[in-house]
Amino acid sequence: MDLVLQLLFTGIGIGAVYALVALGFVLIFRATNVVNFAQGEFSMVAAYLMVVCVELGLPYWLSFVIALAGMALIGVIFNLGVYYPLRHRTYLPVIIATIGASILLANSVLAIYGPQPQVLQGWFDTPGIQLGPVYLDSQYLLIIGVTILLVLFNFWFFEKTLLGKKLQATSQDKEMASLLGISVSTMIMITFIYSAVLGGLAGILVAPVLFVSIQMGSTIALKAFAATIIGGFGDVAGAIVGGLALGVIETFGAAYISVPYKDGFAFLVLIAFLVFRPQGIFGERVAEKA
Amino acid sequence: MKLTRREFSAGLAAGLAAPALMRSAWAQGATIKIGMCVPVTGPAAEQGLWAQNGAKLALAAVNKAGGVLGKQVELVIEDDQTTNPGIVLAFSKLAAQSDIVAFLGSIRSTQVQAMAPDVIKVGKPVMIGGTNPDLTHSGNPWLFRFRPNDNYSGRVIADFGVNTLGKKKWAIVHSTDAFGTAGGKALSEALTKLGAPPVLDQGYANQSQDFTPVVLAVKQSGADVLGTYFTFENDLGIFARQLRQLGVNIPWVGSPSVVAVSSTKLAGPALFGTYGVADFAEDSSDAAKAFGKAYRDAYKTAPDNQSAWPYDAITILSAAINKAGSTDPNKIRDAILATQKYAGAEGEYNFDKNGDGLHGYNVVKNDKGKIVYDKHIDFND
Numbered sequence: 000m001d002l003v004l005q006l007l008f009t010g011i012g013i014g015a016v017y018a019l020v021a022l023g024f025v026l027i028f029r030a031t032n033v034v035n036f037a038q039g040e041f042s043m044v045a046a047y048l049m050v051v052c053v054e055l056g057l058p059y060w061l062s063f064v065i066a067l068a069g070m071a072l073i074g075v076i077f078n079l080g081v082y083y084p085l086r087h088r089t090y091l092p093v094i095i096a097t098i099g100a101s102i103l104l105a106n107s108v109l110a111i112y113g114p115q116p117q118v119l120q121g122w123f124d125t126p127g128i129q130l131g132p133v134y135l136d137s138q139y140l141l142i143i144g145v146t147i148l149l150v151l152f153n154f155w156f157f158e159k160t161l162l163g164k165k166l167q168a169t170s171q172d173k174e175m176a177s178l179l180g181i182s183v184s185t186m187i188m189i190t191f192i193y194s195a196v197l198g199g200l201a202g203i204l205v206a207p208v209l210f211v212s213i214q215m216g217s218t219i220a221l222k223a224f225a226a227t228i229i230g231g232f233g234d235v236a237g238a239i240v241g242g243l244a245l246g247v248i249e250t251f252g253a254a255y256i257s258v259p260y261k262d263g264f265a266f267l268v269l270i271a272f273l274v275f276r277p278q279g280i281f282g283e284r285v286a287e288k289a
Numbered sequence: 000m001k002l003t004r005r006e007f008s009a010g011l012a013a014g015l016a017a018p019a020l021m022r023s024a025w026a027q028g029a030t031i032k033i034g035m036c037v038p039v040t041g042p043a044a045e046q047g048l049w050a051q052n053g054a055k056l057a058l059a060a061v062n063k064a065g066g067v068l069g070k071q072v073e074l075v076i077e078d079d080q081t082t083n084p085g086i087v088l089a090f091s092k093l094a095a096q097s098d099i100v101a102f103l104g105s106i107r108s109t110q111v112q113a114m115a116p117d118v119i120k121v122g123k124p125v126m127i128g129g130t131n132p133d134l135t136h137s138g139n140p141w142l143f144r145f146r147p148n149d150n151y152s153g154r155v156i157a158d159f160g161v162n163t164l165g166k167k168k169w170a171i172v173h174s175t176d177a178f179g180t181a182g183g184k185a186l187s188e189a190l191t192k193l194g195a196p197p198v199l200d201q202g203y204a205n206q207s208q209d210f211t212p213v214v215l216a217v218k219q220s221g222a223d224v225l226g227t228y229f230t231f232e233n234d235l236g237i238f239a240r241q242l243r244q245l246g247v248n249i250p251w252v253g254s255p256s257v258v259a260v261s262s263t264k265l266a267g268p269a270l271f272g273t274y275g276v277a278d279f280a281e282d283s284s285d286a287a288k289a290f291g292k293a294y295r296d297a298y299k300t301a302p303d304n305q306s307a308w309p310y311d312a313i314t315i316l317s318a319a320i321n322k323a324g325s326t327d328p329n330k331i332r333d334a335i336l337a338t339q340k341y342a343g344a345e346g347e348y349n350f351d352k353n354g355d356g357l358h359g360y361n362v363v364k365n366d367k368g369k370i371v372y373d374k375h376i377d378f379n380d
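Here the protein sequences line up with chains A and B, keeping their order. Using numbering that gives the first Met the number 0, read the first sequence as starting at 0 and increasing by one per residue. Using numbering that gives the first Met the number 0, read the second sequence as starting at 0 and increasing by one per residue.
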């Protein structure tokens with residue numbers, strides 16, 4: 000039982016990381032109908048920004064704010080440089096452009112900061128809490144907490160605010176939205192900024208656990224992408240549930256079946272979904288929307 | 000004589016071009032070229048940089064001492080992207096340059112394995128750092144190893160843990176790549192020979208984000224000592240921290256990555272008190288100390304095996320070409336194999352017929368973040 004609880008906690012923790020990155024995938028997909036393959040690199044860039052600020056001696060909270068502001072700026076540049084020029088083309092050139100952008104981001108950081116992985120201290124001084132037989136890593140607790148908050152925030156933002164509704168309208172039908180006086184390009188700009196900040200947040204939160212390295216983004220993004228498909232592409236709740244499910248499944252699969260095939264379980268679940276339920280867990284709601 | 004305008008232009012052009020043409024003609028035979036496949040990008044870009052540092056340090060010394068065959072030595076670097084296809088491509092790019100006389104390959108066994116068939120085709124000496132024993136034992140005459148192979152690391156880990164620490168219940172954790180699998184197997188065999196077969200033999204895939212299942216398996220096995228073969232320092236750092244968080248504090252004797260510079264930095268206190276076998280230990284010999292000092296002076300940071308083996312490889316290779324008196328691959332091969340009792344940064348080189356230069360390991364300890372030399376264990380076979 001102790002073992003199960005420990006595994007469950009870790010699974011949810013790592014799953015929450017996937018969920019955060021998956022959320023970024025989903026938001027951009029809903030707004031633009033393309034998958035942004037640079038989403039993982041957003042996480043990596045934010046973690047490096049954070050490391051640089053902390054090394055400069057800035058307080059942790061200020062570094063955090065600067066890193067997220069930097070991500071907002073990158074979201075703007077990304078939208079103007081990668082998406083906007085190709086917005087009237089089919090989805091394929093845009094997707095390839097995002098892959099190109101992800102390679103550019105990774106190698107830019109490599110060129111500027113060098114290849115050495117870095118250590119980023121966690122938000123809390125205590126590394127974790129021993130709760131009975133289960134050890135709760137404080138950084139994972141924070142990640143889970145932030146994920147819950149973000150789910151609530153997203154619900155409130157998209158369902159209760161005018162801006163959120165405008166964003167939803169844009170993602171559902173761009174022509175109709177623009178007929179109603181909504182500036183589609185502004186809405187898409189906001190979506191890119193929000194996704195970059197979300198991806199950045201995930202990167203900063205996960206950095207103390209996984210260390211800060213050039214390839215940290217791509218490993219997480221691959222799983223997050225799988226989580227997005229499992230949850231149902233284009234659904235916010237789906238991204239969260241898909242991420243958490245993936246984290247728990249691979250952790251238990253590793254513990255009870257085979258550690259070397261841990262990544263295999265994640266992708267086996269992905270394949271099963273693609274074959275038997277390609278629309279994902281929450282697929283039907285998306286179909287209704289469309 | 001009246002000079003026409005056309006003649007004047009032609010003469011001017013020839014006059015301007017001559018120095019450049021002469022320079023390029025001179026340059027073709029002016030240097031001895033050594034190719035180096037090294038990660039400039041990818042997960043091991045960090046270690047790749049250190050490898051380049053080590054090689055360049057040796058190169059500077061060789062050139063200062065007069066170079067090779069009276070010429071300066073030049074290093075031609077090609078990015079292997081830390082992947083198997085990457086190194087095959089990098090090697091074929093380098094091999095296409097016919098004036099390259101020898102090569103430095105990878106420290107990663109998997110990559111050496113990937114490039115090995117091309118090495119036979121090219122038929123020129125390749126210095127390697129990969130420690131999978133099979134690399135030099137499968138009939139490839141062109142691979143020369145500048146680190147002790149894992150037959151030795153497994154035996155040293157087992158010998159130290161069983162005889163010095165007195166521990167008999169072993170848990171082995173190893174990567175499932177070529178390096179980790181061979182290392183885990185060598186350790187397991189060595190332990191079985193010493194009458195202490197492992198109670199747990201646990202593989203993991205590289206670039207894992209979480210090691211909780213592995214740590215819990217170690218915990219449940221009831222082992223009183225841990226032996227590891229980790230390929231990437233990132234993985235090792237995450238594993239070490241989770242190991243301590245989940246309350247596993249048994250002695251730990253690991254492969255060289257446990258005592259590598261970046262692991263020590265990433266994992267911090269989680270690695271305090273661990274033992275590692277290290278092919279490079281700065282305090283193990285005068286040659287290692289001298290290398291350490293030169294490296295610190297040049298790069299303001301501590302060296303480790305990633306930079307020590309390319310340093311030795313360039314030094315011994317240059318000496319071998321000088322001794323051979325020619326860049327003929329077969330003569331260079333004979334000269335490398337004839338290298339005996341050479342004190343390098345990594346230890347004393349006594350090349351055997353397989354192309355293995357070193358036959359033992361140092362045992363070092365992480366003493367509160369400082370790597371301290373403990374003892375050297377050498378084998379005669």
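A hint or two may mislead.
To be verified - Simulated DEER-style distance windows between Cβ atoms:
id	chain 1	residue 1	chain 2	residue 2	range
1	B	K369	A	L148	51 to 61 Å
2	B	P250	A	F123	27 to 37 Å
3	B	Y372	A	G56	30 to 40 Å
4	B	K330	A	P126	54 to 64 Å
5	B	A64	A	S257	47 to 57 Å
6	A	G56	B	K369	47 to 57 Å
7	B	A64	A	L103	54 to 64 Å
8	A	S107	B	A29	33 to 43 Å
9	B	K192	A	L91	55 to 65 Å
10	A	P126	B	Y372	28 to 38 Å
11	A	V3	B	P250	24 to 34 Å
12	B	P250	A	Y90	48 to 58 Å
13	B	G272	A	Y83	20 to 30 Å
If you are wondering where the hints come from, they were derived from the structure by calculation, not from laboratory data. We put the beta carbon where it would ideally sit given N, CA and C, even for glycine.
Now for the hints, and whether the structure bears them out:
Judged by the Cβ atoms, the range 51 to 61 Å given for K369 (chain B) and L148 (chain A) is violated: they are separated by roughly 42 Å. At roughly 30 Å, the beta-carbon separation of P250 (chain B) and F123 (chain A) lies within the given 27 to 37 Å, and the hint holds. A hinted range of 30 to 40 Å for the beta carbons of Y372 (chain B) and G56 (chain A) is consistent with their spacing of about 36 Å. At about 59 Å, the beta-carbon gap between K330 (chain B) and P126 (chain A) stays in the expected band of 54 to 64 Å.
Taking the beta carbon of each, A64 (chain B) and S257 (chain A) are about 54 Å apart, inside 47 to 57 Å as hinted. Taking the beta carbon of each, G56 (chain A) and K369 (chain B) are about 26 Å apart, not inside 47 to 57 Å as hinted. A64 (chain B) and L103 (chain A) have their C-beta atoms about 43 Å apart, which leaves the hinted 54 to 64 Å range violated. About 36 Å separates the C-beta atoms of S107 (chain A) and A29 (chain B), a value consistent with the hinted range of 33 to 43 Å.
The hinted range of 55 to 65 Å is satisfied by K192 (chain B) and L91 (chain A), whose Cβ atoms lie roughly 59 Å apart. Range check, P126 (chain A) to Y372 (chain B): Cβ separation about 31 Å, and the 28 to 38 Å hint holds. A hinted range of 24 to 34 Å holds for the C-beta pair V3 (chain A) and P250 (chain B), which are about 29 Å apart. Range check, P250 (chain B) to Y90 (chain A): about 56 Å between beta-carbon atoms, so the 48 to 58 Å window is met.
Taking the beta carbon of each, G272 (chain B) and Y83 (chain A) are about 55 Å apart, not inside 20 to 30 Å as hinted.
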